[in-house]
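In order, the protein sequences belong to chains A and B.
With the numbering used here, letter number 118 in the first sequence gets 118, and the count goes up by one each step, no holes.
With the numbering used here, letter number 272 in the second sequence gets 272, and the count goes up by one each step, no holes.
Rather than coming from a laboratory, the hints here were simulated on the basis of the structure.
The C-beta atom is built at its ideal place from N, Cα and C for all residues, glycine as well.
Among the hints, erroneous ones may be present.
[Said to hold, decoys possible] What follows is a set of in silico ranges between Cβ atoms, one per label pair, in the way DEER data are often shown:
{"no.": "1", "chain 1": "B", "residue 1": "Gly179", "chain 2": "A", "residue 2": "Arg95", "range": "32 to 38 Å"}
{"no.": "2", "chain 1": "B", "residue 1": "Gly89", "chain 2": "A", "residue 2": "Ala40", "range": "35 to 41 Å"}
{"no.": "3", "chain 1": "A", "residue 1": "Ala76", "chain 2": "B", "residue 2": "Glu334", "range": "47 to 53 Å"}
{"no.": "4", "chain 1": "B", "residue 1": "Ala230", "chain 2": "A", "residue 2": "Ala45", "range": "31 to 37 Å"}
{"no.": "5", "chain 1": "B", "residue 1": "Leu11", "chain 2": "A", "residue 2": "Lys82", "range": "55 to 61 Å"}
{"no.": "6", "chain 1": "A", "residue 1": "Arg48", "chain 2": "B", "residue 2": "Asp264", "range": "45 to 51 Å"}
{"no.": "7", "chain 1": "B", "residue 1": "Asp288", "chain 2": "A", "residue 2": "Lys82", "range": "50 to 56 Å"}
{"no.": "8", "chain 1": "B", "residue 1": "Asp264", "chain 2": "A", "residue 2": "Arg95", "range": "33 to 39 Å"}
{"no.": "9", "chain 1": "A", "residue 1": "Ala76", "chain 2": "B", "residue 2": "Gly13", "range": "25 to 31 Å"}
{"no.": "10", "chain 1": "B", "residue 1": "Gly89", "chain 2": "A", "residue 2": "Ala45", "range": "50 to 56 Å"}
[To be verified] Rough simulated footprint, nothing fancy, chain A against chain B, three-plus residues with beta-carbon under 8 Å:
{"no.": "11", "stretch": "46–56"}
{"no.": "12", "stretch": "231–239"}
[Stated by the list, open to error] With the C-beta cut set under 10 Å, the calculated list includes, among others, these residues of chain B facing chain A:
{"no.": "13", "residue": "Arg23"}
{"no.": "14", "residue": "Asp82"}
{"no.": "15", "residue": "Leu86"}
{"no.": "16", "residue": "Asn90"}
{"no.": "17", "residue": "Ala109"}
{"no.": "18", "residue": "Val141"}
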Amino acid sequence: MCVRLRIRIAAVALLGTAAVLAPAGAPAQLTGAGVTTAAAGPAPARQRELVALLRQDCGACHGMRLTGGLGPPLTAEALYAKPADSMTETILSGRPGTAMPPWRHFMTESEAAWLVARLRNGTIDAPDSR
Amino acid sequence: MLAGCAAPLPLRGTGDLGVVIERAIGRLQVVDTSAHATLGTVDGLGDLSHASVVYSRDGRYAYVFGRDGGLTKVDLLERRIDRRTLQAGNSIGGAISQDGRVVAAQNYAPGGVKLFDARTLALLADIPSAVGPDGQRSKVVGLADAPEGRFVASLFDAGEIWLIDARNPRMPRITRFRGIGRQPYDGLVTPDGRYYVAGLFGEDGVALVDLWHPERGATRILDGYGKGEARLPVYKMPHLRGWAIADGYAFLPAVGHHEVLIVDTRTWREVGRVAVAGQPVFVIARPDARQVWVNFALPDNGKVQVIDTETRRVTATLAPGRAVLHLEFTPRGEEVWISVRDDNRVVVYDTATLARVATLAANAPSGIFFTSRATRIGF
């Protein structure tokens with residue numbers, strides 16, 4: 001079991017490496033992305049795609065309202081004290097040994113960093129008026 | 001007529017009714033599977049971003065378990081909330097006892113199982129789960145009803161299966177099976193009520209308890225089904241509830257692989273696998289067991305595939321729309337209802353011809369639950 005676990009971690013690491021070596025930055029599913037700049041964040045259409053991804057797909061484990069589930073809560077209260085860089089890295093590479101998968105093929109590093117900033121300051125739009 | 005005074009309801013049964021969860025707005029639709037129609041909606045159910053439903057044995061009341069710990073008893077005939085309680089901080093689902101008297105909720109936070117009076121939703125027992133490696137009470141997954149007044153559940157963090165004897169629901173008795181494997185993510189009870197099967201996320205394997213012989217403990221099956229192949233990242237946990245046991249074989253999702261595993265339920269050995277279009281989420285047998293239908297995790301969640309259980313091959317690939325979340329067969333399986341979240345619709349297919357026979361509008365639909373679940377073990 002230990003050996004198998006190690007293989008899996010290696011596989012995940014390899015996947016990460018492959019993505020770094022070929023940084024096309026072409027998210028597999030989310031197309032129609034605009035230009036991303038560090039200062040302004042992704043273009044508005046891309047922001048909406050990222051928030052939808054966060055709500056629906058990250059939300060499968062973290063809750064659509066980000067209050068947690070199989071994965072921990074992603075509310076501002078839960079995240080503000082955690083280092084932003086390691087959170088970005090967790091999104092991109094996942095956390096081996098847990099259920100957190102790598103999302104590198106769905107977003108660029110700067111997009112992940114933008115999501116982390118929004119999560120930490122609690123400015124992700126609510127899914128509805130409630 | 002006075003305002004607020006409802007007209008008398010026309011007499012009708014509930015055998016062809018069901019509910020569709022509208023996850024983003026905390027609402028459900030009451031649907032009629034004979035008419036392919038929405039009869040009405042019930043809202044005020046809280047956070048239904050992950051929701052599941054069990055039915056009273058008379059098929060009139062739906063017990064809805066919401067993400068926010070809400071447990072709501074909905075009257076399908078009057079289309080209103082009969083009772084509602086906020087019973088936990090974060091919940092994932094539940095089950096109803098064999099005799100229909102006890103509703104059990106499985107909770108993530110605080111981790112554990114709670115038992116309620118099915119009529120009043122009064123709390124009968126609070127069963128805290130065991131602490132996992134992170135020092136927190138384990139998240140409870142895979143809760144199912146079993147014969148002789150029992151429930152079975154799995155502890156994701158602690159790696160245990162608990163058999164809960166709830167014949168005296170105020171004093172439940174727990175049998176613990178430890179060391180069953182890493183991170184059980186969901187479980188099912190076979191249609192005959194004999195076996196409890198828990199899928200493992202943390203390793204390639206499945207844990208099995210023979211409920212006729214719990215004294216024999218849990219056993220492991222399908223060890224190392226990935227055979228050292230790199231597992232793909234899993235973007236959505238498979239669900240085992242809504243099982244596919246067909247013709248003596250269990251069709252199970254392979255976690256992190258584009259495969260459905262086929263297991264002989266007499267020997268619990270793998271007898272084959274079917275290559276499919278993505279990572280399976282739901283693998284569900286048509287009630288007559290002639291077909292198994294499969295939907296998939298991101299990025300293949302626009303497809304549904306049909307497996308012929310005799311030849312064990314994919315015989316059709318359908319594209320119901322963007323983000324297929326769930327499918328539910330009508331009681332005898334002539335039609336299947338499929339929820340398509342991002343297209344805001346439910347699509348109904350004829351399972352023999354695979355033709356679309358109806359489309360219903362729905363707001364980000366997720367789970368679909370028909371009252372025929374009321375009479376099935378493990379639902």
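Report the numbers of all earlier hints that the structure fails to satisfy, in ascending order. The structure breaks hints 1, 9, 10, 14 and 15; every other hint is satisfied.
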